[in-house]
Amino acid sequence: MRRREFVFRTGGSLLAITPAWPGLRLGSTAPWLLVPMDDAQTDHLKAYGLAYRALKRGVKAEWLLNYRGGTFLLPSDAGTVRDAALAGVMVEPLDDGQVVQIRGTLQTGNMEAVPLEKPPKVAVYAPPNAPPWDDAVTMALNYAGIEFEKVWDAEVLSQKLTTYDWLHLHHEDFTGQYSKFFLNYAGSAWLVDMVERNRAMARSLGFQSVTAEKGAVAAAIAGFVDRGGFLFAMCTATETLDLALAADGVDIAASYADGDPMDPNATARMKWDRTFAFHNAQLELSPTTPVYSDIDGHQVNSPDRRQPLGSYSLFNFSAKIDPVATMLVQNHRQVIPDFYGLTTSFTRRTLKPGVTVLAEESGSPWVKYIHGEHGQGTWTFFGGHDPEDPQHQIGDAPTDLSLHPHSPGYRLILNNVLFPAAKKKELKT
Amino acid sequence: MALCLRSAVWIVVLLLPTTAWSQKAGMSRAFDLERRGDYGGAADAYRAVLARTPADVSALLGLERSLLPLNRSADILPEVRAALHAAPSSSAVYGIALRAWAVSEQPDSVRATAERWAQIAPTEEAPYREWGAAELGRQNRSGARAAYLRGRERLGRPDALAAEMAQLSLSEADYTAALAEWLHAVRRLPGYRATAVSTLGQAPAAVRPDILRLLAREPDIMARRVEADLRARWGDPLGAYRTLAGVLPADRVQAIAVLRGLLDQLRMLRSAGSKQAQGQVLEALATRSPEVQAARLRLEAAQAYTMAGDRAAARRMLGELADDRTAPPSVASDAASTLVDVLIGEGKLDEAANRLAELRSRLPPDEYDAVRRRLALAWIKQGDLVRADSAVAADSSVEGLAVRGRIRLYRGAVAEAVELFKAAGPYAEDRAQATHRTALIALLQPLERDSLPELGQALLQLEQGDTTRAAAGLERLAAELAPGHGGAELHLLAGRLNAVMGKTTEAERLLRAASVKEAPSTAPAAELALAELFISSRRGAEAVEILEHLILTYPESAIVPQARRKLDEARGAVPRT
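Keeping their order, the protein sequence lines are chains A and B.
For the record, in the first sequence the residue sitting at position 48 is 47 according to numbering that gives the first Met the number 0, with numbers rising by one throughout.
For the record, in the second sequence the residue sitting at position 42 is 41 according to numbering that gives the first Met the number 0, with numbers rising by one throughout.
Everything labelled a hint here was simulated from the structure, so no lab data went into it.
Treat the hints with care, since some could be wrong.
What the hints assert, rightly or not - Computed, partial: chain A to chain B, Cβ under 7 Å: (1) Leu54; (2) Phe180; (3) Asp303; (4) Asp399; (5) His403.
Since this is a predicted model, take the numbers as computed values, not measurements.
Glycine included, each C-beta is placed from N, C-alpha and C at the ideal position.
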């Protein structure tokens, strides 16, 4: 493209877009762009993508914690203005004086400016045939426009995780029991495929059973966090990951999974010192009840134990003293409707000391959203399957996030994706 | 001693009504607490009643209900034991007891209770049904099956608990086994047919031929009815009618019941085949119904045949109605207007006009005008705008104005057409027609011409289904007009028509011609259409490029949100709709 043509196209486009955004005036030379994250924002979820892509282009951004719902401050450049216009993200131009004023405001309250330096390299743990619409995190990443790569057992066990900063697990069953759907959904095509795929993978990696192989995968994931990785898990991956880690040498799988029945004394023999978040859980002994333990407070698949959905409240943290927890709860809503998953919530009784509770249903025996450190890394567990599909069923139509651009539940997911950018880290080895 | 005895009798006499009264008051209080949502209080109140009368089934059921929301269902066990002791032969108490053992996760006690219950009620299915339900509550399907089979064996009836066995087979996706059980159930209790059909109807396509083959082997009418209903659900409505036609009972009342059952199924369907089958069923019903009713059924059959496109059958029905002197006047006039519609559908417009003229005095004015409008539209399709105009010349309804607007447009009288469309407003005809009119106004207004016969000719060709000639005519005219004065709009329409015809290259050329800066209100729509063309041609990268251009260049356009949505789709950021 000739320079004149380039200037005409780019300049023409930029001039044309400015009137669309109330804050941007024709010919505006504002050096900063504020991405408000309160109710003024037109697409909260895509705003995360805007910040992520700015980092990717080498722009240094700031996350203004607790300021207007967790606002982003970006240097104004043509790329960011164009990106915001295309994504439909509301941005407000600021001059240096206004930025100084905001910094003054941050100083006086429970607020903090956190520099965002490096976009995290994101991996999503999912089988190769997993539909892109069956995982809230994949949907959020796709919608926001945040790049990610898929990994599964072979990649995890071949140390490929060392090349990523952030790993997400969704509804994988790390106990190797196919979400305990084996008997109740016997004959269903999707289950047959899931079983076959997992068995083939276990065989190819030299394991006797899927249970043994998933246990090794869980250990490798724990190693990734131990060496400084960021782990985010939702739904049943939270509970089964810890159960798989604690079941070192203990048979917690039904006979359909590994050929012999579960150890009746498994509960007493679990090694809770190996886990991230939970301890002293009571295991579910029935092979047909799609429940693993009493870690989950809602027990959605046990008709006589199932608890109704309520709402969960986000905690307030000190932005200056505890910026990590503060980042994870940035939102324009404090109370959010709950949603089911195979693991919906985490009973307080089974939480290890030192676990940070980020959100809870007040007055209930369970919490929703937890965080902690493990070795040099951190982990965050978020109960439930899909924040905008509270009663998700197998085979339900996919959630279309363009219908939920302000979803507070999905914001929590995206807080997790971006928060590793706030910490300058060396590449893990 | 005698005095003591007399006193005791008096005490009993005095206490009896008092006890009954307090029992009644206790139940009222318990119901009230339960209704108010105070389940803990209600449970205590029911327990107080049960302390006096342990086998009070209402109180026991109330306690069971109240404990459920408290998640303490198993706490009912002491009261259940006392009730069984007080009323060892009450089926109702056994039912509650069995559920109580089930929630306490004591399967052995469930089994033992069911066996005891079966001994006191040896001919009832209920003990085994509740036993099976308890096993299913534990997700133990094999246990439930064993309970049902034991019941079947004990009761000595191979069709006992068939509905439960059918549901069990369905949960295991064994549709052929479910079919066998449903046939048992339906033969014993015909009311099960609807459930049988609705559950078997969900069978995967691969299993359906097996189900139909198995049904065909069964000799009885009940199997034929299930087969017919399933064929209707699975897209073979004509096969459904054929299945029943040959085996209808000789008894008139029974035959009508069978036909009505199929008609109910067919009325839920929209396809032409289902309308044809509806016509056949209604015709069959007419032959078995009293005269006055038969006339109405023949009319409905004619209307169904018309919708199915079988005009010969519709005419046959209407002919029978014409000969029927007993048909009520309302049916006769409906039949006459239906016949006019049939004639219009057959393209026999002169005959239709003559028939309509004869009917004028018999039809309500609104209906007469509606038929005339349909006749006018048919004249338009045939290209006879003069007769079309005369058909609606006196029609001052908003629907009439809309039709007259179309006639003016096809004659090329652009300004008059716009005025008539505006006068018709957004309420004439259905929503699709109203939207179409709005689009036409948007097309015509930039032209700034009073008359444009070439445009009328092209749009008439489009109305007549000649899309190729219409698109060519629009393109020729577009080339003569400035982009900002209708040229771009006509290029856009021509491009869209080519896209519909699958002529991608021509469509792309025309849409690009419509996307010019001289027509800023048309260009965004043209770019969106171009992006949709690229997406449907799997040219995602080009779609992304054009959508980005649209959003950045026309940020104030009303279609920008739609463009962002398409951009998300093209990038795979949201599910494709």
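Hints breached by this structure:
Hints 1, 2, 5 are the ones this structure does not satisfy, whereas the remaining hints hold.
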